[in-house]
Structure formats: structure tokens, C-alpha cells
Amino acid sequence: MPELYIARSRKIAARELDGEMMIISPHDSRLFNLNELGTLIWQAADGATSLESIVNEKVCAQYDVEPSEALRDAEAFVRELAEHEILLVSNQPISTLPSIK
Amino acid sequence: MKAPERDTLSPRERAIDALGAYVVEVKAHEVIIEIGAMPILVRTDNPEFLGILANRYGGFVNRAAEPIFAFDVEMAPPGAVTDEEELRVGITGERWVIERGDFHAECDLASGKGRIRQTANPYSIDAALRILHSLLLAPRGGFLVHAASAVRHGGAYLFAGVSGTGKTTISRLAPADATLLTDEISYLRREDSGYVAYGTPFAGELGEPGKNVRAPLAGLFLLKQGPENRIVPVGRVEAVRELMRHVLFFAHDERLVEMVFQTVCDFVKSVPVRRLIFTPHQRVWELVN
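Sequence order for the protein chains is A and B. Reminder that position 59 of the first sequence reads as 59 in our numbering, one-by-one numbering, no gaps. Reminder that position 111 of the second sequence reads as 111 in our numbering, one-by-one numbering, no gaps.
For the record, the hints were derived by calculation from the structure and aren't laboratory data. Glycine is no exception: its CB is placed at the ideal position from the N, C-alpha and C atoms. Do not take every clue at face value.
Mimicking EDC-like on lysine to aspartate or glutamate, the simulated pairs with C-alpha atoms at most 16 Å apart in a straight line are [claimed, not checked]:
#, chain 1, residue 1, chain 2, residue 2
1, A, LYS11, A, GLU83
2, A, LYS11, B, GLU258
3, B, LYS269, A, GLU75
4, B, LYS269, B, GLU242
5, B, LYS113, B, ASP72
6, B, LYS269, B, GLU238
7, B, LYS211, B, GLU184
8, A, LYS58, A, GLU85
9, B, LYS269, A, GLU16
10, A, LYS11, A, GLU85
11, B, LYS211, B, ASP177
12, A, LYS11, B, GLU254
13, B, LYS113, B, GLU66
14, B, LYS113, B, ASP177
15, A, LYS58, A, ASP73
16, A, LYS11, B, ASP253
17, A, LYS58, A, GLU36
18, B, LYS269, A, GLU20
Negatives, chain B to chain A, calculated, CB over 10 Å [what the hints assert, rightly or not]:
#, residue
19, ILE68
20, PRO78
21, GLY79
22, ASP83
23, ILE91
24, ARG130
25, PRO139
26, GLY154
27, ALA176
28, ASN212
29, GLY219
30, LEU248
31, VAL268
32, SER270
33, THR279
The following block holds chain B by itself, in its conformation from the complex:
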């Protein structure tokens, strides 16, 4: 906020100005949410919203992290924020504008700054964060994918499929020694050591935010329900086709589609993708690992 010119100050303002160092400026509240080892700073001057953020992202808050992106949140009064019903995206260079009925967000990937205008609710910021992560992951060889994931014996197993193929079922069948990361949206990053799966707070049907853990990818399966439990290898071309259907695409930007395509092709060259045909019985996990 710019300091007002001295001769335009009201008597009250002049008094506060004179107090100088004794005046405590109300600072905006900040929280750093770290998902996939990418910390994002979210700034708000609304304490109620800060509470919403702490509640929703609790396990993913990291005060010590150095943020790679900063989001300023502007609170809107209750009611629709934009006229858009569906998610709409506009892109100019590195600047993305994302709108939905409940929020208006802008992200400048070049400067690492963004802002979002929304009412005090967790869903809008959640959508904006998912989108931002997709944008940050694509050039880094990572992606968000419709898949359940769980860590067992130190390795992460991903189970990809569209709604109804059994992601929630396979998650429910996971043995006690498996740590469930998510039953809906999995997060993969390519690192020097290989692909790594991360837990995220993006909840699915099971309604619980995933655990903030990471593990090297041990297997990726395409789910299919069938009369018996069996694993079938999948050719790389078919793997690319299927994965492209399961990767989260929130907008049709040609550069993004191309980046994700390259990412998925790189992925299948280094990770064997297999089909898991399974019956809804716990013994399927003996086959997985």
C-alpha cells in the first residue's frame, strides 16, 4: 500500500503516521502448502479463510519451505464470482486465466505469481492448486493422473482407471501394511532417481486427504474388473493411449497437450505398464506385490 501524501492525511492518519514505529501494520496471513516437493505460498488477509486452509491442507503445510510460486487470495462476497459455469481457461504466453462460477484465478508462470478471487471456501483454491500443479509438473516430466495409489514395502503402486473401474475398490482392499496415498488423483514426478509418487490433499470418494509421503514408483497398473486376478503386460503404444486418457487435462492448450504427450512417452519408455484384471477380493494385493 502506498503511503498517502502528507498534506492529504486526515487528522487520524496524521496521528498514526506520527506514531511511526509504534503502529503495528496488520500483515497478510501466509501459509506455505507443499505438495510434490513444490511449495506454494498462499496469502490472505482473511483469518477465516486462513483457518479453512490450515484445516484442509494441515499435513501439507511447511513453514520452512522456500516457495516456488505465490498466490494472493482476494475474498469475494457470498454468491457467484464469475458468470462461467464450466471451467474456462485463457492463455497469453505464460499467463493463464482460469475461471469457474466460484472463482477467478490468474497464474503467471514466468514471474511465479498468481491471484485468485473466491468466496471463503476450500473448493476453489483446491481446484486452482490442482491446475497450478499440472502446469508446474508438465515441463518437469510429471503429471497428475486419475489413479489410486498406495505405498507398500517402500514402493508406490498406482492403479489407473476411469470412474467405475475400481480405483476406490482396490484402495479399500489394500492390506493393513499399505499406506493409501489417494483413491482418485495420483501425483507423479520424475526425479534423478526415477519416478516418484507423492501423496496429495486432493481427496476422492474416500473423503480423506492423502498422507504427505513420497515413494519411488514400483508399478503402474491399468485397472480392469474381471472374473479372476491376473496381470497382463501392455505394449508401449497401447500404454501411451490409455495413459493419455487418464492424465488430468483441465484445459485444451496445445502446448500443454504436447508436453504431456512427451511426458507420457518418456514415462512408458522407462516404466513397464501392466493391466491388472481383478475381482473385488483382497487377494488381488498378493498379485500386485
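Okay, chain A solo, but in the shape it has when bound:
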């Protein structure tokens, strides 16, 4: 199974409130809030760490879940966020540096 890499979109604004991440997609004004687990994954989405590493190192360390099940749930979660364009998902590491024009 190919590795998945995730990176927070730079086109959004996000704030943490009471342990939850509130994210707004300014282009359509949609508001999302992520629970603690979602926030954990979101904060680790640096484009360079694979989703599997994030799940193994952060999710399973904190929550008593079976790694393969946790990874499946995490994949569904990140794909949903990607559909709303607030997270980038790729099979390759994602550069979060601004491109040189």
C-alpha cells in the first residue's frame, strides 16, 4: 500500500479552542471543527511525515487502538478533509515551502 503524506492547506485559517481545532476555508466560509484526535493528526500534518508514522507514533501512543484500524480511520478522515480542500493528501512528501517564482 503506497504511503500517504498530508499537509495543512495554507489557504485556510485555523485556531485552537478548548483542545479542538477550528478551521475556516475562507473561499467558501465553511467552518470545520476537529476533535482531539483530529486535531492531533492535523497538527502533525507537515507534509514530510507519512500518515502511517503519525498514526503509529502519535495516535497509537495516546489512544488504545489497533494500528491498522487506526490507519484506516485516519485515511478516511484525511480524505474527507482533502475533499473540503483544507488538507493536502499525496503519495509523495508535500513541500510546504512557498515555490520560487
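Following the hints, complete the assembly by docking chain B onto the known chain A.
Using the frame of chain A, we list chain B on its own:
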């Protein structure tokens, strides 16, 4: 107006030119309208329109204030000013162009200057002023919100809700010792001491312009009509969601949406937002304060 070249002057113009100091130039009329401690100068050469402004904004005119923005008003003949039916906004950097059937306005936030072309009526300038205030408030941590507000015992109470949730009702139920600021559009600014509510001339159903007063925010409630009067605390995440629905957004500009989002998040971190479930009876005010 540039002085014409001497050799192109008509005989009449030459005569006036020769009179020099004795000629009184007709000055444009100016009025400074101060809302939310942000004075805006409105300039017009039309005395009828000046009368409209004085009438509409009377309590908010402040001749001594130093304006932070200046609007030049150009009078248009009766009839539609633009082809736009709905409000349309275009943005280039700091320059905003706002159009509706009854006016065309431009605001340059960087230079603090703007102009509006409209017929002699109070509604167009009113819309332009609301929009300008929204633009000035956003980077300052303030916002306009669909809420009724009243001052009682030195504190301002805001009641937010969409049409039909009871803003006008709660305003009508306010006791005699409460000063109503508005039943429709409330104005909040963040100042060093905390959030402050201001009265504005932007009238709602009750039809009266609000009083030109300010008071520190004492409570913000989300309105809900129900079988009894009761106050329920609201979590911060839910408060942000609901407030984002009630804040006045006249245009979909991404920078503005982001600024307002940050403003609302800051707001809920420092002000507890609560839900007021109420029946249309005066006793609800005993619960508020």
C-alpha cells in the same frame, strides 16, 4: 479645481479673476459623522443632501472630531445609478469598489479616501457607511453583528439572532431604566479595557436611530424562544459557529472572512457567550441582569 490659463479666460472669468480676494468660492459642505469613535467626513456640494445627512445622522455629528476617512459624494440624477441589482464588490489591494442599483462607491483604505455616486437619498450613504465601518473594524478586532443591544446599569447587553428569533421582541421588553442602542445591528469594538458596544444610527424595525452612547460589554446572548426563561452556557466552539452566522458579511472577500474569524475567536476567548431561552414576557430582563 485648476485655475484656467489667463489667455483662455472669458471676459466674465477675467473680471472674477481680477476681483481676487472679493470672490467667495462656494465651498463644498462637509459633515463629520462619528460612529464607534471612528469619525468619517462626508463632503457634498448639494445642500439638499446635506440636509438629508443632518437629519439622518443628527446625534452622531461631531464637528470637532478628526476624521479617519473622507467620502466625497457626487450627486446623480434621479433613476438607477448602476445596472447592479444586488450588492457587488470588487477588491484590488486596499481599494474596494462597491456597487448596487442605487450607488457606486469606492473606498481606498490605504489613503483613507473614498467617493460615492448616488441620488439624493439617505439609504445609499447608509449602506456605504455600514460597509466602510465593517472594513475599518475587522483589523481592529471589532465587528457589526445582527443583534439587539441595550445598556442597563452601566453595561451593554447584546442579543444575537437571525430574523424572527426575537431581537425586536427583547428590545420592546426592555425595562424603562434600560437604554436601547438598536434592535437590529449592534456595533462592538475591542479597546484596551475590553469590548465596548456603541450605539449607531443604523435603524432596524423599530425605526428609530440608536442613541449615541457607548458602554462596556456586560453580556452577549444567543436568542432562542422557548416555553420558559433560562440561560444556558455555550461552549466556545459552538459560540464561534453561531457568531460567524450573525456577524455582518456584506461581501465574500477571503481576507475579510479570515480577519473576522480571528476576531470572533479572540472574542469568545475573552467573553462568555450564553444562550438566552425566553418567553415574550418582560420578566426575562430580570434574568439578563
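Hint check:
1. A:LYS11 / A:GLU83: Distance of about 14 Å is within 16 Å: holds.
2. A:LYS11 / B:GLU258: Given that 16 Å is the threshold and the Cα spacing comes to 10 Å, the pair holds.
3. B:LYS269 / A:GLU75: Not OK: B:LYS269 and A:GLU75 at ~32 Å, beyond 16 Å, violated.
4. B:LYS269 / B:GLU242: Holds: B:LYS269 and B:GLU242 sit about 14 Å apart, inside 16 Å.
5. B:LYS113 / B:ASP72: Measuring from Cα to Cα gives roughly 8 Å; hence the hint holds.
6. B:LYS269 / B:GLU238: Answer holds: B:LYS269 to B:GLU238 is near 12 Å, not above 16 Å.
7. B:LYS211 / B:GLU184: holds (13 Å)
8. A:LYS58 / A:GLU85: violated (24 Å)
9. B:LYS269 / A:GLU16: Since the Cα atoms of B:LYS269 and A:GLU16 sit roughly 11 Å apart, the hinted pair holds (cutoff 16 Å).
10. A:LYS11 / A:GLU85: With a Cα-Cα distance of about 9 Å, the restraint between A:LYS11 and A:GLU85 holds, given a limit of 16 Å.
11. B:LYS211 / B:ASP177: holds (14 Å)
12. A:LYS11 / B:GLU254: Roughly 9 Å separates the two Cα atoms, so the pair holds.
13. B:LYS113 / B:GLU66: Answer holds: B:LYS113 to B:GLU66 is near 14 Å, not above 16 Å.
14. B:LYS113 / B:ASP177: violated (40 Å)
15. A:LYS58 / A:ASP73: holds (14 Å)
16. A:LYS11 / B:ASP253: Satisfied, since the Cα-Cα distance of roughly 13 Å is no more than 16 Å.
17. A:LYS58 / A:GLU36: holds (12 Å)
18. B:LYS269 / A:GLU20: holds (13 Å)
19. ILE68: holds (26 Å)
20. PRO78: It holds; B:PRO78 is separated from chain A by about 37 Å at its closest Cβ, greater than 10 Å.
21. GLY79: holds (35 Å)
22. ASP83: holds (27 Å)
23. ILE91: holds (13 Å)
24. ARG130: Label holds. Min Cβ-Cβ 19 Å, cutoff 10 Å.
25. PRO139: holds (14 Å)
26. GLY154: holds (30 Å)
27. ALA176: The claim holds: B:ALA176 sits with its nearest Cβ about 39 Å from chain A, beyond 10 Å.
28. ASN212: Holds, because the least Cβ-Cβ distance between B:ASN212 and chain A comes to about 32 Å, which exceeds 10 Å.
29. GLY219: holds (20 Å)
30. LEU248: Given a closest Cβ separation of 13 Å, the condition holds.
31. VAL268: violated (7 Å)
32. SER270: Given a closest Cβ separation of 12 Å, the condition holds.
33. THR279: holds (31 Å)
The structure fails hints 3, 8, 14, 31 (numbered hints given earlier, in ascending order).
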